[in-house]
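Colleague: Using the sequences and the accompanying hints, generate a full structural model.
Each protein sequence line maps, in turn, to chains A and B.
In this text, residue positions in the first sequence follow the working numbering: the first is 1, and each later residue adds one.
In this text, residue positions in the second sequence follow the working numbering: the first is 1, and each later residue adds one.
It is worth saying that the hints were derived from the structure and are not from the lab.
Every value quoted in this text rests on a predicted model; they were computed, and no experiment measured them.
Some clues are possibly wrong.
Unchecked claim - SDA-like cross-link-like pairs, simulated, lysine to any residue; straight-line CA separation at most 20 Å: (1) A:Lys421 with B:Asp117; (2) A:Lys43 with A:Ala77; (3) A:Lys4 with B:Arg176; (4) A:Lys443 with B:Pro147; (5) B:Lys53 with A:Ala84; (6) A:Lys4 with B:Asp116; (7) A:Lys105 with B:Lys53; (8) A:Lys443 with B:Tyr115; (9) A:Lys57 with B:Pro88; (10) A:Lys105 with B:Arg176; (11) A:Lys232 with A:Glu218; (12) A:Lys429 with B:Pro88.
What the hints assert, rightly or not - One side of the interface only, derived from the structure: several residues of chain B facing chain A at Cβ under 7 Å: (13) Thr60; (14) Pro88; (15) Thr114; (16) Gln164.
Where a beta carbon is used, it is the ideal one built from N, C-alpha and C, also for glycine.
Chain by chain, the residues:
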Amino acid sequence: MKPKGSILVVDDEEVVRESLASWLEEDGYRVDTAPDGPSALAKLAERAYAILLVDLKMPGMDGLEVLAKTRLMQPDASVIIMTAYATVDTAVQAMKQGAYDYLVKPFEPEELSLMVGKLTNAQALQQENVLLRKALKRQCEFKDMLSKSPKMEAVFELARTAAKSNSTVLILGDSGTGKEVLARAIHAESPRKDGPFVGVSCAALTESLLESELFGHEKGAFTGATGSARGKFEIAARGTLFLDEIGDISPKLQLDLLRVLDAKEFRRVGGTQLIKTDVRIIAATNRDLKKLVESGTFREDLYYRLNVIPVTLPPLRERKEDIPLLVEHFLAQLRVEMQKPLEGVCTEALEMLMAHDWPGNVRELRNVLERGAVLARGPILSPLELDLAPPAAPGGAPAETPESLREAERRHILATLKQHKWNITRSAKALGIDRVTLYNKIKRYQIREGE
Amino acid sequence: MAGPGGIWLEWIGEGPMDQEVLERVRRQVEGAFALPTRLTAVNGPPGETLDAKRGQHSSTRILRWILTGIPRSAEKVLGITDVDLFIPVLTFVFGEAQVGGSAAVVSTARLRLTYDDRPAPRDLVEGRLVKECLHELGHTFGLVHCPEVACVMSRSNSVLDVDQKRAALCRDCRQRLEDLMEERDRS
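Modeller: Okay, structure coming up:
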């Protein structure tokens, strides 16, 4: 069994110390007791405590003084002040000084159970959070790209080396894996970083438009060419030219491109003057270029020209350990963009994100989070807000998302309880279940009156 | 008859002992811990455990009182009483036990009532009493509270909680009890 935290009970009455210690020990806590302030401080100097239960009125050093000293000696410990004299003033003073809460003696066992349970849960979560943050810190970075996956670490290593050279880089990877982000990162790390980064999507344009886009044109080169224009090769001078979706260019343009890469010079469309190029080419595609070469769709010589330093980005499903990191990264961006206090996603939502197959890769993850951020009503995104399409179940039928069902069940139970003013018997009847089942569900879902 | 290492259930109530009910409780306890269990009655509870202002008895003081008179042949003594119990900071307790110790106490005062404070049926009260006796004795063997709602070692803060439990240990607690018993036999 996992050991629970230590609790220090500080009270001048022996029977209070003894009984409270015994009560808490039954919950599995390690409990120490101290009869007065100075003895409590001596204990604090020896051992770390998760919780202190401190009587307010004690001869000599009172509870507030113990609280103040505890805040200095063990800032992580939570202090609960116990008092028989409930005055707003002392309660306010205790809370102001950093007490977690206060209890008026005698209190209901349920009250103490809940408070101690809530505190230990919160502390466990905080500890988990610290551990998670530490784990997140063990990440590798390459400009805007983050990862803790060994595959990506290798990619970053290669990209870093490639950035230092002037060689052509070919980035391969499925849609949404971050090919352009990597290209920009390579540019930013390269000696050409002060020059422009110019991107062009080769699949988006027709052959003639792409030709003019890349090489520019002279006045009258084609219908509508009322003036001359520089192409991307010129604009990208002393910088980087990013040719996205290179697998989609026509045979004619493949040949033109090959010539430019070979001769490092070109002519504008309709022009006669040879223009020298000074660009670093980074090409990218989600297609299997080798297969295109085999089928004769892509020129082999161009393929070898481009394939100087090939870098393959793995799909997100092969680096799922990066999902929490990417979620945090994107939410931080969205927090600024949307001016919303987004803190994270709940455990169930994260489980759902981890279980998803991500055919659209990192881009899909960002879109899901962006949509969730728009819909979010609080700082923590829920599975409902993320509204992730369920993965297809075997046999083609859409799979159920148990998280969503649980959420729906909890909401329905809470609504029914409210409707019946928390009368368990009547609520159970309305829900068509027996009282014991309802009670168990209330406990399991931690539904509380007043929610 | 309880031999050395047995459990003693001591009626220390103000009213008369319900022999029939307690005999059934004894049998259940004996079965659960596989230890000879006997039923006795003593004059109690002692006057000094009463807090006149609260009209309740201090469970901690009752434990101390039990500890002063543990019979030589008893390993554990569970006092069963009809008076309402409290510890100073709480409004009431169903019982108290020394975790890994020799003494425990259980009160029927709150177990006798329904959720809306009416007298509960006798068999319901008996069922609750069995659960609370197993629970407090479980503590004396070293078991602590179990997060499993249906386990008899889960913490009960209300009769509603008691009614959700089964009169048995969950699998984990049963295993833990076996381990603790083994440790106890070795020492």
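Colleague: Work down the list of hints and note, for each, if the structure agrees.
Modeller: Right, here's what the structure says about each hint:
1. With a CA separation close to 19 Å, the supplied pair Lys421 (chain A) and Asp117 (chain B) stays within the 20 Å bound.
2. Distance check on the hinted pair: Lys43 (chain A) and Ala77 (chain A) sit about 13 Å apart at the alpha-carbon level, within 20 Å; holds.
3. For the suggested pair Lys4 (chain A) and Arg176 (chain B), the alpha carbons sit about 16 Å apart, so the restraint of at most 20 Å is met.
4. A distance of roughly 11 Å separates the Cα atoms of Lys443 (chain A) and Pro147 (chain B); the hinted pair therefore holds under the 20 Å criterion.
5. Between the alpha carbons of Lys53 (chain B) and Ala84 (chain A) the distance comes to roughly 14 Å, so the proposed pair stays at or under 20 Å and holds.
6. For the given pair, Lys4 (chain A) sits about 35 Å from Asp116 (chain B) by alpha-carbon distance, which is inconsistent with the 20 Å threshold.
7. With a C-alpha separation of about 14 Å, the suggested pair Lys105 (chain A) and Lys53 (chain B) falls inside the 20 Å cut-off, and the hint holds.
8. Proximity of Lys443 (chain A) to Tyr115 (chain B) is assessed by CA-CA distance (about 17 Å); at most 20 Å being required, the pair is judged to hold.
9. Taking the CA atoms of Lys57 (chain A) and Pro88 (chain B), the gap is about 15 Å. The hint holds against a cut of 20 Å.
10. Straight-line distance between C-alpha atoms of Lys105 (chain A) and Arg176 (chain B) comes to about 35 Å, which puts the hinted pair past the 20 Å bound.
11. Using a Cα cut-off of 20 Å, the hinted pair Lys232 (chain A) and Glu218 (chain A) holds, with the two alpha carbons roughly 14 Å apart.
12. For the suggested pair Lys429 (chain A) and Pro88 (chain B), the alpha carbons sit about 39 Å apart, so the restraint of at most 20 Å is broken.
13. With a cut of 7 Å, the hint placing Thr60 (chain B) at the interface with chain A holds, because the nearest CB-to-CB distance is about 4 Å.
14. Using the Cβ-Cβ criterion of 7 Å, the hint placing Pro88 (chain B) at the interface with chain A is satisfied: the shortest such distance is roughly 5 Å.
15. Annotation: interface hint on Thr114 (chain B) violated; nearest CB of chain A at approximately 11 Å, more than 7 Å.
16. Nearest Cβ of chain A to the Cβ of Gln164 (chain B): about 6 Å, under the 7 Å cut. The hint holds.
When each numbered hint is compared with the structure, violations occur for hints 6, 10, 12 and 15.
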